[in-house]
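Residue-level listing of the chains:
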Amino acid sequence: MRLMLLMCLAWFMTLTCGSGDKRVRVRAPRGSKWWSLAKPGEVSNGLRAPVRKLYNNPSLLPLTKRQRRLVTKNPGAVMAVVSGARMAIDECQHQFRKRRWNCPIRFEGHRSSIFGKIIQKGCRETAFVYSITSAAVAYSVGRACSQGTIQTCSCDNRVHSRPSGEDWEWSGCSDNAKFGHKFSRKFVDVLEKGRDFRYMINLHNNEVGRVHVSNSLRRQCKCHGMSGSCTIKTCWMTLPDFRSIGLALKDRFDGASQVLPENSVRNRGRGKRRFNFSPANSLHKKPGRRDLVYFEDSPNFCDNDSSLGFDGTKGRECNHSSLGVDGCDLMCCGRGFHTEHYVVQDRCQCIFEWCCEVKCKMCTFNRTRSTCL
Amino acid sequence: MAGVVLETLGNKKLSILIISLLLILTVFFLVGGLVAPAPNSVIPTTAINCYDEDKLWQIGESKPFLPRGKYACKSLHDLHHDKAIKDKKLDANQIVFSQQIPFVKNNTALHMSRWFQNLIGVIDLDIEFKQENPYPEEKTPEMLVEARLYARFKEETDKDWRLIASSKEQRTLECTIEKDKREDGQAYNCELIPFFELGSVFYDYYLINVRLPVSERNDYNKIGSLSDLHSIFIIQNGGFTKVWFSMKTVLFPMVVAALCWFWNRVASQGRPTNLTERTLFALGIVLSIMNCPVEWFTLFFNLPFMMLLNDIRDGAFYAMLLSFWIIFVGEHMLDQTERNRLSAYWRHLAVVLLACTALFIFEMCERGRQLVNPFYSIWSSEIGSVAAFTFIIVASIAACVYFLFLCYLVFKVFRNIGSKRTSLLHMSSFRRKYYSGLIFRFKFLMIVTLLCAALTVIFFILGQVSEGQWKWGDEDINIEYTSAFLTGVYGMWNVYVMALLALYAPSHKQFASEADTDTISQEEEVQLTQQSISTSEKSAANISLVYAYFQNFQAWAKGGKRNMAGQVN
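For the record, the sequence lines run as chains A and B. All letters in the first sequence, in the order written, are residues 57 to 429 by my numbering. All letters in the second sequence, in the order written, are residues 2 to 570 by my numbering.
Same shape as in the complex, but just chain A (with noise of 0.2 Å):
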């Protein structure tokens, strides 16, 4: 909720910044503006009308043409790629809250990108959300199938080919997380193409967050046999949490490897999404299938950039007893900060249920901050 907040505050912000500020906008690469269907209050009934209405509705207008077709088949997937890209925002700035670059995103209009300018060039930082958002997108997806919200999910157990149908009767129905992952695909991948290296790149980490989703699935087994005995056994995959596949990702993006952007990527046999890479460094090894690849190097973002788009560290509040990213020198860049004492009201005693309301006392609490100069 809280999160939610900031980010209407950040969007109203921005508006109202945004006016006096005539600098030319730089138009998102094509096939990332869906993100900002995250924007706030832009889940308006609208995007649950029934499927006729949807194609023309003004909230979609961030999807191309080809990607509102793709909802308007599936009805009850657009309310999941929207929550897919409010889940790929938080696990962005969660990941990320400890680093320079925390994630920032601004609502700017369905012109351009939620997450800035950072998306055109080709650096660490931009496979991260790419990866991200597609592997939400996947996750998504698939819990709106186990849900029962999207009507089209695939039932293909088709070892007859019959009508699904008797196909269902016969074998019962896959498993869900398939239909998230070529969802994923058609929806996240439908403009990233040509021959483009910067799109090979975008591609390539696009399946990376979709791979990590199906590979991270978990495995669970019930016993029903005869008096409840294990002679027979049935098993099936979960989603996990999707703050396990952030983690990961993150330490992809820890561990990704920079490759030569080369004229001749060429197609590593079947499929359209494997390219081969050749790394940088040539004693690395080649990326593999679960590697975020870049081939830019990050700026430092330490002050405020505009052809990033990115505020730089001023102001930011750093931990002055950690020798990490999120330690007062390496965050503030070494332009010092500022430790304030300040009293806060804060909730405290508070009682916890599973869910839903929590019944707090207000307590006053003294705290220390440090902010970035």
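For the record, the hints were derived by calculation from the structure and aren't laboratory data. Hints may contain errors.
Incomplete in silico selection of chain A near chain B, CB under 7 Å [to be verified]:
(1) 202
(2) 227
(3) 280
(4) 290
(5) 337
(6) 408
(7) 412
Okay, the calculated bits of chain B under chain A, using three or more residues with CB under 8 Å as the criterion [what the hints assert, rightly or not]:
(8) 5-13
(9) 157-168
(10) 229-239
(11) 259-268
Small disclaimer: the values here were computed from a predicted structure and weren't measured. Beta carbons are placed, not taken as given, at the ideal position from N, Cα and C, and that holds for glycine.
Chain A is fixed; fit chain B onto it per the hints.
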């Protein structure tokens, strides 16, 4: 003299019979592996978080909360951050988890089929690690699950849901988390919670509603922070049921025919039946009861007790099979003790009976009780799980004792054979051939039995190790291992019993009919000598022709003894 078919059958015929039985067995395996789909499939679902705005459930109204459709409930997308929670001041008592199966898939509205036979529900909770609201790891928290199960036919509308079960159940929740994963947002690894078991899938749609009430007065449902409730439904695949029913329908008349033939044979002997024959007959009857395809009725009637009935029928067959082995081995002991009555085996049979009774009571407590309340689980209460464990441990100890008994008896038989083999050397060539043939066939049958048992165990273990994950061959040919195991084992024991019925029926062929007169006279000589020797042992003489197989061993044993005595002299 009359023997059993096994003895009078020529080697050629015997091998043809065995090969054809093996072929039938392979057919069973292949039918299971190639035609049938996996025995079960799963409908994994994530429940919709409905909220009960007017607290209807709490005031006792049994209105169903529907996950979707025209009358869909008001729902929360997220249990912690949804706007409605603040706006409507919702608390945990107002949340109703709801899910309806099956879904609409591929734009086709699926519905349940009566071929599914049974429906098992399991709950999986996603508990999130939260610093400020942790899951109580030091004690396994008690849960109170209020559940309702509704069902309707496809002709009916969403207004016609009928409540078929409703209960408040206690469950325990066991979750763990690794040390390095203790970070907000990470998930605990929670054990599945058994939810319900339905013995019949009679309706087309099923709907579950679950509430996890909290109260300051008790400690129920203090489980940390819940982010999602998954309800997982397991059904038996329709394809598997069809294959299974067809197998039963084919096997039932076959076994009944074999049984009739066998009993005709025994009755036509014009003598009182012996114990092995009676046991074999009983085994055939129990097998026929197990084979009897009464499950066809589930397609037309709501018969939730079918699952229980099937378990009992299976159990009865295995109990009978175990008893048969003991009696069979005991009757072939080759010593001079006279058995041929059930009371001689009371110790062994008591063990089998004990194991079966323990399992039967356990079964009645679990599945029998579930007929009344499908949400019931014996494992959920402390006393219940202790009792269940006791029954299972008693049954396993009894099973161990049984196998010790059996191994000891088999060992004794083989020792007797071994000790008497030396005397074979001093017999005439015809008799040596005859007796070594007998020993060979007896051993052969022992080996077949062992093979069947070993195959069952090995396939079972293989299935456990691979967890049904094995796929042989490429895309085109997939062998469903678990199905092949189930149909194969089922077919194997059927073939086994049929083989016994065929081979152990009394033969009306004279054993020596093909031999020349010389051997006949020799044979008669054997009979005479035996009778003259065993006059002191009246009972042995009296059975004489009853059970030729057994008797031949006796004759041979005594003949051997006499030979040895002659040598010493």
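For which of the previously enumerated hints does the structure constitute a violation, in increasing order of number? Result: hints 5, 8, 9, 11 break, sorted rising.
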